[in-house]
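Keeping their order, the protein sequence lines are chains A and B. Residue numbers for the first sequence follow this note's numbering, so the first one is 1 and each next one is one higher. Residue numbers for the second sequence follow this note's numbering, so the first one is 1 and each next one is one higher.
These aren't lab readings, by the way, just hints derived from the structure by calculation. A portion of the hints provided could be inaccurate.
What the hints assert, rightly or not - Pair by pair, the computed Cβ-Cβ distance ranges are:
| no. | chain 1 | residue 1 | chain 2 | residue 2 | range |
| --- | --- | --- | --- | --- | --- |
| 1 | B | D46 | A | R78 | 36 to 42 Å |
| 2 | B | A49 | A | K120 | 27 to 33 Å |
| 3 | B | G128 | A | D180 | 57 to 63 Å |
| 4 | A | E38 | B | S118 | 26 to 32 Å |
| 5 | B | S118 | A | D28 | 23 to 29 Å |
| 6 | B | A18 | A | P226 | 35 to 41 Å |
| 7 | A | P178 | B | Q107 | 57 to 63 Å |
| 8 | A | N209 | B | S5 | 26 to 32 Å |
To be verified - Here are some chain B residues the structure puts well away from chain A; computed CB gaps all over 10 Å:
| no. | residue |
| --- | --- |
| 9 | G12 |
| 10 | A49 |
| 11 | P55 |
| 12 | E58 |
| 13 | L65 |
| 14 | E75 |
| 15 | I79 |
Just so you know, even glycine gets a beta-carbon here, dropped at the ideal spot from N, CA and C.
The lines below spell out each chain.
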Amino acid sequence: MARITAGVATSHVPAIGAALDLGKSREDYWRPVFAGYEWAKEWIAKSPPDVVVLVYNDHASAFSLEIIPTFAIGCAERFAPADEGFGPRPVPVVEGHPDLAWHIAQSTILDEFDMTIINKMDVDHGLTVPMSLMFGQTDAWPVKVVPIAVNVVQYPPPTGNRCYALGEAIARAVESFPEDLDVQVWGTGGMSHQLQGPRAGLINREFDNAFLDRLTSDPDALRRLPHIEYLREAGSEGIELVMWLIMRGALGRSVRELHRFYHVPASNTAVGHIVLEPVAK
Amino acid sequence: MTDPSDLEDIPGTTVFTAQRSRKGYHLNQFCMSLMKAENRARFKADERAYVDEWPMTEAQKQAVLARDYNAAIAEGGNIYFLAKIFSTDGKSFQEAAGTMTGMTAAQYAQMMIDGGRSPEGMRSIREGR
Numbered sequence: 001m002a003r004i005t006a007g008v009a010t011s012h013v014p015a016i017g018a019a020l021d022l023g024k025s026r027e028d029y030w031r032p033v034f035a036g037y038e039w040a041k042e043w044i045a046k047s048p049p050d051v052v053v054l055v056y057n058d059h060a061s062a063f064s065l066e067i068i069p070t071f072a073i074g075c076a077e078r079f080a081p082a083d084e085g086f087g088p089r090p091v092p093v094v095e096g097h098p099d100l101a102w103h104i105a106q107s108t109i110l111d112e113f114d115m116t117i118i119n120k121m122d123v124d125h126g127l128t129v130p131m132s133l134m135f136g137q138t139d140a141w142p143v144k145v146v147p148i149a150v151n152v153v154q155y156p157p158p159t160g161n162r163c164y165a166l167g168e169a170i171a172r173a174v175e176s177f178p179e180d181l182d183v184q185v186w187g188t189g190g191m192s193h194q195l196q197g198p199r200a201g202l203i204n205r206e207f208d209n210a211f212l213d214r215l216t217s218d219p220d221a222l223r224r225l226p227h228i229e230y231l232r233e234a235g236s237e238g239i240e241l242v243m244w245l246i247m248r249g250a251l252g253r254s255v256r257e258l259h260r261f262y263h264v265p266a267s268n269t270a271v272g273h274i275v276l277e278p279v280a281k
Numbered sequence: 001m002t003d004p005s006d007l008e009d010i011p012g013t014t015v016f017t018a019q020r021s022r023k024g025y026h027l028n029q030f031c032m033s034l035m036k037a038e039n040r041a042r043f044k045a046d047e048r049a050y051v052d053e054w055p056m057t058e059a060q061k062q063a064v065l066a067r068d069y070n071a072a073i074a075e076g077g078n079i080y081f082l083a084k085i086f087s088t089d090g091k092s093f094q095e096a097a098g099t100m101t102g103m104t105a106a107q108y109a110q111m112m113i114d115g116g117r118s119p120e121g122m123r124s125i126r127e128g129r
């Protein structure tokens, strides 16, 4: 049977991808950002999972205002890097795992989550920057990916509680998949940042670090955190953090923190990164 | 359930609500068209002619032509869509975000290096906190 072995969360700042692609990762500005991922890169290289269920949001790349799915699951064989306005990132095509993806789609829909099934989708920096941070520059990604795209662009995004519950449903789906697979669930986006208006540049270290703490100590408090609190405290784009709760929900009641990194800034954004492991009941 | 009036209570912040999404639909869809290289080339060759192909209001068109992102957001633009315009210009998210704050690019970049903008006093207009 398939099993969830770990959860990873990370910011997915586009400038991080650009820094890597343009060979700037050793510059003084960027070195500390990439150094913060060295632990996780070594950790995942030692025993890479077979599949990553990668929760992210599309930034007006695959989805315009024509169709705005709240939760979408990528069931395709492969996903090409999107052209976000300056050409696609020079990174490998992302290989899907259609068998597992369709299984998760069926299982979660019958579990009363109304997923949108996507058979063709380009993936933007929201998905490819976390891949680059965890696997570096490579000719082929070492894992298959089931993309879960969450709307956090059009208000309202799903609630934190709904995200957490979807994570639990994804865990039930993975655990009922008959193939012997190691699966990680990643939550991406955040941490505090605001990209628009006179309040652009907002960063809230206290909120971010409390959020990181509560993933382990009090996830129920995070489930109840209303959107307005994210918007006020973590910035209009900080609301991406609801996606981390899908990852957290998939890991079960109790988790152990294996690693944490927090750094300000990468471009406009506070970079947060955490690695969690489920603890058997 | 968040009280809708709360969404308008955050200083210097525009939440992309249903109402704004409807108002900005054609502006944002114009932005999406810039994801194709051939459209970027046509836009750069004659910006006015290109925006005139879209059923946008004159205020929306002027915001685009002036690269006035605060005005574009007031007209229903969403920052992730507007990003297609500044990407076409070869500008970064940081440069574009900085233009909305009244700071110079250098001042804004320095504020970020110094830890970003504090939320103190920037949480609520009503409550002055």
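Status of the hints after comparison with the structure:
| no. | hint | result |
| --- | --- | --- |
| 1 | B:D46 x A:R78: 36 to 42 Å | holds (37 Å) |
| 2 | B:A49 x A:K120: 27 to 33 Å | holds (32 Å) |
| 3 | B:G128 x A:D180: 57 to 63 Å | holds (58 Å) |
| 4 | A:E38 x B:S118: 26 to 32 Å | holds (30 Å) |
| 5 | B:S118 x A:D28: 23 to 29 Å | holds (24 Å) |
| 6 | B:A18 x A:P226: 35 to 41 Å | violated (18 Å) |
| 7 | A:P178 x B:Q107: 57 to 63 Å | holds (58 Å) |
| 8 | A:N209 x B:S5: 26 to 32 Å | holds (30 Å) |
| 9 | G12 | violated (3 Å) |
| 10 | A49 | holds (20 Å) |
| 11 | P55 | holds (14 Å) |
| 12 | E58 | holds (21 Å) |
| 13 | L65 | holds (18 Å) |
| 14 | E75 | holds (13 Å) |
| 15 | I79 | violated (4 Å) |
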